[in-house]
Every structure is written in structure tokens, then in C-alpha cells.
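Colleague: The chain contents come next:
Protein chains: 2
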Amino acid sequence: MSEKEGIGIVKTQYFTFAEPPQDIKLVCGQKLGAITVAYETYGRLNADKSNAILLLHAFSGDAHAAGYYEGEDKPGWWDAMVGPGKAFDTTKYFVICSNCIGGCKGSTGPSSINPKTGKPYALEFPIITIADMVNVQKQLIDYLGIKKLLSVAGGSMGGMQVLQWVASYPQLLRSVIPIATTLKHSPQQIAFDEVGRQAVMADPDWRNGNYYGYGQPERGLAIARMIGHITYMSDESMEEKFSRRLKDDNYSFSFESDFEVEGYLRYHGDSFVKRFDANSYLYITKAMDYFDLSNGKLFPSGTTADIRFLVIAFRSDWLYPPYQSKEIIHELKMRHVDSTYCEIESTYGHDAFLLEIEEESHLIRHFLNATYEQAK
Amino acid sequence: MSEKEGIGIVKTQYFTFAEPPQDIKLVCGQKLGAITVAYETYGRLNADKSNAILLLHAFSGDAHAAGYYEGEDKPGWWDAMVGPGKAFDTTKYFVICSNCIGGCKGSTGPSSINPKTGKPYALEFPIITIADMVNVQKQLIDYLGIKKLLSVAGGSMGGMQVLQWVASYPQLLRSVIPIATTLKHSPQQIAFDEVGRQAVMADPDWRNGNYYGYGQPERGLAIARMIGHITYMSDESMEEKFSRRLKDDNYSFSFESDFEVEGYLRYHGDSFVKRFDANSYLYITKAMDYFDLSNGKLFPSGTTADIRFLVIAFRSDWLYPPYQSKEIIHELKMRHVDSTYCEIESTYGHDAFLLEIEEESHLIRHFLNATYEQAK
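The listed protein sequences derive, respectively, from chains F and H. Per the working numbering, the very first residue in the first sequence carries number 557; after that it's consecutive. Per the working numbering, the very first residue in the second sequence carries number 557; after that it's consecutive.
The following block holds chain F by itself, in its conformation from the complex (with noise of 0.2 Å):
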């Protein structure tokens, strides 16, 4: 593969921090030992470190965005947006993708061996929260040496966690890109969240979270699932895509699924119970459910920094709701701070933070460029 295609093949690195500086207390209290951060790099870092983007993962994701690995055939999660000439321009920036604690995808979780007993943390892992991920990040980022970030983009709960940077982090900013994200969790965001939870928690095969070494609570966890596709999607995007198809020519009088909806919502719970742990699950919506700027907690400090916004949000998007990036632009209006709201026409519903390429690199693009002009 040329470089032109792409970045090509990838590695995924490993950072960790065997003696975690003060200030990686949790916000419960707890503190964990050694914290480990899966990472990846696209670009390279130019010589005054001036070019840095940090781009952070929805719920499910990971350090993965962009390129392949060896041998695979699906790229990352948003290798359309990362690359030569791609919106985050990796022959012009240094981006890293950083995977959050408390998930399954190589950063510290509750599926990690916890080093005092020997064996996976499960529920003894202590209840993280977006400031918890954020300030593992900010070891990261001072590990890479970088002093200030050009830009911090993500989508869905990666935008939160960009809205935790300007609120922990604000003088090592230039610029934020939070994208079809929310302040604060709404009690809709929150119900859907424990429905998932309880349906893990349900299942017998869950024991207590101590499952590790007999297999995952696989039904439970795919039906968490499942309900979250639903709220991923759209209702008009779900008619698009399926309208009342039936799998097979007539109704099948049974509980079989009968409709292409049904049978898609099957494959995609249970294909996630193999890539996904149930404990991650848990402990990663609870601390979106936790997650709470609102009411001048973004500037916690009152001051505003001289950072600048791009809040992009999607029509259909139930899940986060164009009304919640504009309260982000509310309340920086009322700062006075530098920002643009684009709210995106599409019919994808939530997901159209993965998939509506062409208008977000549009955006992206050229504030990435003004926001790289303004800082020489």
C-alpha cells in the first residue's frame, strides 16, 4: 500500500507508568498501581512539537483509528478521517489515538491482572470516571514531550472526554473538536446506560463479575448491545436500511426473527461479546453517566484560555441531540470564547460520527489549518 492510500501498516504501542505521579488519584479516591495506556501515532512530531493532535475513542473503540495491522483487512475506526491528505492530515500533523482506562483494548481495565492478588481486577477495579481517563492521557502526552496540543478531536464519548481537557487542561490547548457529544448525561442517556448494565449484571454467567476464566456473560452483554444499536441508529435510517424486509418470503409464526432488523441486531450483539468485555462495559458507562460539565464546570477556574471550538453535531443524533452541542455553544458564547457550531444534515442518527466523512473533513480540514496558521 502506497502512502498515498493511507497510513499503511500500524502498531499498537504500550505506555506505562509503574509509579503514577500524585495527581493519577482517582476521582473516587482509590488510587490504581502501575496504569497501562495503549497508544497509537500517525505523522511525525515536528521539530518545536507544535503539531500534536490527540484524537480519543467512542464508548467501544480504541487506539486503533487509522491504518491496518499486519495482516487484517479492516482499517481503523476512523482511518477515512486519518491520513495523507485525509482531514487530520498525517503529512502535515503528529496524531495519536490514545485507548481509555477502564476499557479491554490494552490501557488498564477491569480485565487487567490486578498485581496485588495476581488475578483480573473485575469489581475490585475502582469506578473510573472521564477526568480519570483524561488525566492518564495528559501522562501520555507529557511522556511524548508535547507541551501543547494543536487540537483534541472526538466523537460520542470521546467528546466528552475533549470537554474534560478544556476543563482539566485548558493552557494545553489550542484548539477542542467535540463532536456529537453532550456536557452532561441526560436521564435518557443514563436510563439506556443501566438497562445495559442491568442486562449484563442479569446474566448468571456474569457472577458477580467474576466470570474471567469461565467465558463472558455473552447474553447479556449482547443484549446491552443491542439496545445501544438501536440507539446508535436513526428511526429514519433504520427504515432506509431495513424497512419490514423479512429475512425469509413469509412471517414465521414463531420467535424466530422474522424481520432483517432482528437479524442484524443478533449478528452485532453477539459478534460484540467476542471483542468486548462485560466489566468494561459496566465501568465505561458508568463514568459517561458520571460525567457532568455542565453549569460553568467547563471553566471550572472562570477563566476561558484561548482555546478554539468546533462543535459538530448530526440531525438524526436522538442519542446526543444537536440541543446538547448547543449548550456547549451556549455556554461558550457566554465566555466569549472562539467557537463554531456546524450541525450536520444526515440521517445516520448517533453514528453519523463515523460515517459522514466527506462533510466533516470539510469542517475539520479547514479549522485544523486556520487553528496551524494562527499558531506560527
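Simulated from the structure, these hints should not be mistaken for laboratory data.
Given that identical chains are not distinguished, each listed pair holds provided it fits within a single copy or across any two copies.
Straight line, CA to CA, 27 Å or less: simulated DSS-like cross-link-like pairs of lysine-lysine:
1. K803 / K587
2. K694 / K567
3. K581 / K703
4. K661 / K587
Computed from a predicted structure; not experimentally measured.
Using the hints provided, position chain H relative to the given structure of chain F.
Modeller: Chain H alone, transformed into the frame defined by chain F:
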């Protein structure tokens, strides 16, 4: 309780036809043996039997629409709408509410005894459709000696039955009032139902439907109900009712429920399993998913008969959104059917059809009055 204040004490009645007539052959091709219908009536049938109104309930409803059971404090589910001087004025009209088959509230359903085996049907109960429910109601109406119904009214699944009455027995109807309903289940509606079914069937206590005598699959059914509850409310109504209020002063930093909305969902999930049969959950959601009177099937004979329509939707209802009611109206206007559409401004979501009493009463009282005067 005086008659002025309401209907007073009521009793559910049961009508069983031991040898079902030919037209009770189910849509799936099977025949049930004896079928029982639970129903209640309020008011008096007039001499020429021209004042009868049939009410049809939603998914988890029952025949107990109004009045009180002896010794109980909670009235029927639409008591605010049915009684002397109310929208369905029992000093003027004879109101019948029929429980659907497939349920667990007195009409024949999967928890009923299968006369062939002497045991509950469980999954040997045939798959039923909305048309089957209506065919059974037709037997009840015949039995009550009613040749023409002044109106048939209902919300949600009750509204589907209303529309099915139009398709199956148009000559028996003077008017209909479908509320917060649809001509067909959309893929999103099917998806939510399917996840609920999967939650029930994933519970080992479901025992392939043969849990009678062992106890319900409580956890799976509670999860299904929790999903349902989210869809019955709206983002707005959840914000109004719960916002991000905590049950205690601080975050628990555990997987206990922190937020009021979580406690509410758990409570309603748990109480539902005490009153609703898990297999009925499967059968009735399947009946709704199969429902499709789109593309001319509302008037299969091609003629529209002389039926007046009052179609009501609610602005914040995202489970059965107003556009679905407008599709009914579109179908009616195309055929020059006498129809009125009203979208009620409400934040309650789908639950609005049970809560927006004042607006609904105003519309329905007027509509019934005009229909009754016209029929004289």
C-alpha cells in the same frame, strides 16, 4: 362514591365461546379451542343499540378501563376518560372494554390451560396477530347483540386494533378514534420489541417458556419492561421528572443505582413482573411487530365505508411519532374519508395518551357527540 364522581365499583366479566365459529381460525392457520374474553361494560345499552363504544387497551393493559374493583384504591387505566360527564360519557353511551387474547388478564393466552394437555399452553399457544384479537372482539360484540358500534377507540396497541376493526369490519362502524398509533410497526419499533423478547428468553428462568409452577423469568422480564419504560417517556419528560437528581447526596462509586431515574426504572421493572406474564410479553409484542395495514390494506375491499375518523398524536411521542398518525391521515385523505387529525402539544412522550386528559376529553367528547347526532 356517588355516580357523579365516577362509575363506582365494577366487575370484570367473561365471555367464553366453547365452539369457536369458522372465522376464528387464526391468521397463522391454527385454531384455538374454547376462547375466553375478559371485558367490562359501563353505562347502559339504549333501546336501538346505537350508543355502544368499544375501547381497546395498550400492550400491558386490561379490560379494567374505569371504576374501581371492590376494595381497591386504584381505578381502571382510563378512568379519567370514562364515566358520567367524562369524555366517554356513561350517562349517554354504553362503553365496552375488551381485553385482548394472548395476554394474561383474563382472556385466553399462553398462561391459560390448554384443554388438550391440562397444562398452561406456554409456547404451544399459537402466534396471534392484531387481526386475531379483533376477530375475537367481533364475537363479543355479536354476543352483546350490537350491530353497529358508535365508535371504537384506543391508544398505542389499542389504536392498532382500532385500525384493524376498520380493515376487518368496516360495515360495523360509525366512527373510530386511533390514538398515538401507526399503520405498521417500523423497524425501530420492531427492534425495541425484539430486544425485550431477547431479554426475556435469555433469562434461564424462562425455561423455554415452561416456567409455570417455577416462577417467572423475573430479571429478563424486568429488563424488557425497563426498555419499554424509556420508550414510553420522552427526553423532555425524563429531564422534567428526574434531571440528574441523585438518590443519595453523593455518587456511590459502585454499580448500585445512583440516579433517581435508575431507581425508577428498577422499581417499575420489578413491579411489572408481579402483574404480567413473560410469555404474554413475547406473544403480544410479536402481534404488534406483524401489524401492517400500510399500502391500501386499511381498506382491503377498496371501498372506504362511511366511517368518521379522529386521529390523535402527541408532539413528544417518539415511540409512535406524529408522522405515523399523519400517514394514517394521508391514507384517509386520498380516499376522501371524513377525518380529523389533532397533534396535542405535550412533553409526556408516548405516555401522553394516558395523561393528557383535558385535551383528549375535549376532542373526543365533541367528536362522539357529533357522530351520535349524525347517527340519529
